[in-house]
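**Q** For reference, the chains in residue letters:
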Amino acid sequence: MHGLVNRAIQRFVTDTYGAALWRRVAHEAQLGFVDFESMLIYDDVLTPRVLDAVEAELGKPRAEILEDIGTYLVSHPNAEAVRRLLRFGGEDFVDFLHSLDDLPDRARLAVSDLDLPQLELREHAADRFSLTVCARKDGFGPVMIGMLRSLADDYGALVLLERRAGGERAAGCVNSEGLDVIDITLIEAGYAEGRSFDLGANVGLGA
Amino acid sequence: MQRAGRSILGRMWGWGHEAHPAKRTLGRPRDAHVPKVGPMQEDGPVAKKGERMNIVGPGQVPQTAMALEQVVEVLDILCPMHVIIAPTGHIVSVGPTLAKLRAEQGLRGAPFLEVFELRRPRNLVSIADLMAAQGLKLHLKFRDRPATAFKGLLTPLPGGAGAVVNLSFGISIVDAVRDYALTSADFAATDLAIEMLYLVEAKSAAMEASRKLNLQLQGAMIAAEEQAFTDTLTGLKNRRAMGHVLDRLITLGRSFALMLIDLDFFKAVNDSMGHAAGDHVLQQVARIMVEETREADTVARIGGDEFVILFDGAEDRAVLDRVARRIIGELEVPIPYGGQLCHISASSGTVLSGDYAEPKAERLLADADLALYTSKKRGRACHSFFREEMRDETPVGPAQNVGEPGESDAADGEVSSGAEIRPLHGAGRHPLM
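Residue numbers (our numbering), protein chains in the order written: chain A, 16 to 222; chain B, 74 to 506.
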């Protein structure tokens with residue numbers, strides 16, 4: 016699994032529950048090190064081991080933890096870069112939803128070996144969508160729920176999200192462990208103010 | 074001046090200066106005007122068919138004016154940074170995004186070349202030159218601040234009615250979005266500007282992560298190198314590090330001295346008092362050698378009980394001899410360990426780089442070894458400089474009898490017990506090189 020994914024889990028745990036808890040997780044998962052490096056690739060077996068250890072430490076169901084990770088990635092100040100890159104996807108929430116199909120390719124433009132799940136949005140009505148998450152590994156569906164929920168808040172939209180396990184397999188989504196379908200109902204696009212997005216806020220700063 | 078210009082242009086072009094819609098929304102097809110196809114479009118690639126010109130429907134009396142207004146509407150959506158220039162060189166209209174860049178002073182009516190500096194091609198100076206620059210890549214810049222740079226492409230309007238210049242930020246996009254607080258609505262949906270900004274930001278984030286990793290790896294590399302060049306027991310440089318320093322001194326043509334020091338009776342300490350005592354002795358030896366030398370000198374442990382000191386810039390034999398004797402004297406002070414005293418001594422041999430026309434590392438070490446052998450023969454605790462004659466004095470092969478009791482003229486009360494017998498290396502090839 017890419018270091019960026021493992022690093023995201025580590026930062027979520029550290030920023031939410033403290034560095035001491037993360038050190039215990041790293042120990043229990045028998046990583047042999049404490050810090051994941053964003054730009055290295057790790058053995059696929061490490062990620063589930065880390066999640067098992069987090070689950071044991073927090074005594075929380077796996078799906079809930081994964082959803083919290085998704086929320087963290089969009090709403091925590093330390094993950095602002097992720098939120099900004101996602102907001103480049105669209106002017107409003109629906110616009111953003113339509114950009115999700117391109118998300119894995121966009122990510123690859125920046126980090127060529129980052130293999131994100133394949134996403135496919137279907138529009139059933141102007142306010143009803145479903146998103147198919149097709150991942151090589153299990154667990155991305157709940158993360159996506161957390162991200163979508165936080166992004167809806169970010170855009171000021173009011174949405175209902177529901178995760179269906181299984182469901183129709185998208186074209187090209189084969190041999191995958193993780194298949195989730197998320198039903199998205201847009202109740203109100205302009206429900207709240209949302210957070211502002213300044214295109215040029217970070218450019219030119221070099222970091 | 075501008076007012077007059079504007080009204081003249083207004084008459085000339087058949088519309089007032091309010092004709093240009095103040096506000097347009099880009100990238101939203103449902104809000105966009107869908108202009109009717111007018112004669113301007115008919116004048117495009119299909120115009121050569123001639124008869125197409127006649128298809129234009131009836132009732133279009135102010136044809137040119139209407140058509141141009143429609144063109145502007147189209148351009149506002151497709152090219153929100155376009156400028157339409159009258160044949161006189163005055164700006165007739167600008168796209169909504171370009172208008173936003175100079176919202177306060179406004180651009181309409183101003184002479185194009187007074188607003189924009191034409192950087193390239195350099196031979197374009199007049200408005201006539203510009204009008205003829207069809208299809209050329211133009212480099213322009215605002216004359217006032219912020220002096221945003223643009224790339225531009227000009228195409229003449231039909232019938233000598235002026236020209237359209239479409240502008241883009243090019244690489245200055247990054248500064249422009251910041252300077253003018255532009256949003257994605259300011260760019261046509263087909264414009265790659267947003268993708269470019271996304272990439273700049275994503276790449277910066279990825280680069281930052283890589284940079285951190287590189288720093289960490291660099292730190293680990295330095296530590297590993299440090300370790301690779303350090304004798305972990307004593308903290309001195311190891312044989313490999315000494316070799317590098319020696320090569321560097323030779324390459325730089327420095328004058329230096331190479332002193333080889335071999336401990337006497339160390340094996341006896343190791344055998345009778347154990348390895349821990351031996352290790353302790355080696356650490357004390359290292360401390361003494363570092364203390365007795367300067368910062369610029371290199372002290373290395375190149376074998377079990379064999380040391381090399383490289384004295385950078387040393388030429389004075391008397392000084393070197395004093396240093397050698399002082400080190401030997403210090404080493405002979407019994408070293409306490411575990412309630413007992415460890416007795417050792419040392420012999421040393423020195424070569425001076427200045428004695429060689431072309432010093433070679435291997436030769437220097439071999440000759441220092443010969444000088445060391447002479448010291449051992451002289452009865453230990455001695456220091457000798459290498460002399461050419463030593464080559465002839467040295468027996469071929471290991472000098473097994475060196476240090477045998479009775480042969481020593483420097484009997485210092487230590488009983489050798491014979492444990493010290495060890496082979497010395499023959500001349501010509503140093504085993505460590």
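Keep in mind the hints are simulated off the structure, nothing from the lab. Every residue, glycine too, gets a C-beta built ideally from N, C-alpha and C. Among the hints, erroneous ones may be present.
Examples of chain A residues lying across from chain B (beta carbon under 8 Å, computed) [what the hints assert, rightly or not]:
1. R38
2. S53
3. I56
4. L73
5. K75
6. A78
7. F103
8. L173
9. L214
**Q** Give me the numbers of the hints this structure contradicts, sorted from smallest to largest.
**A** Result: hints 1, 3, 4, 5, 6, 8 break, sorted rising.
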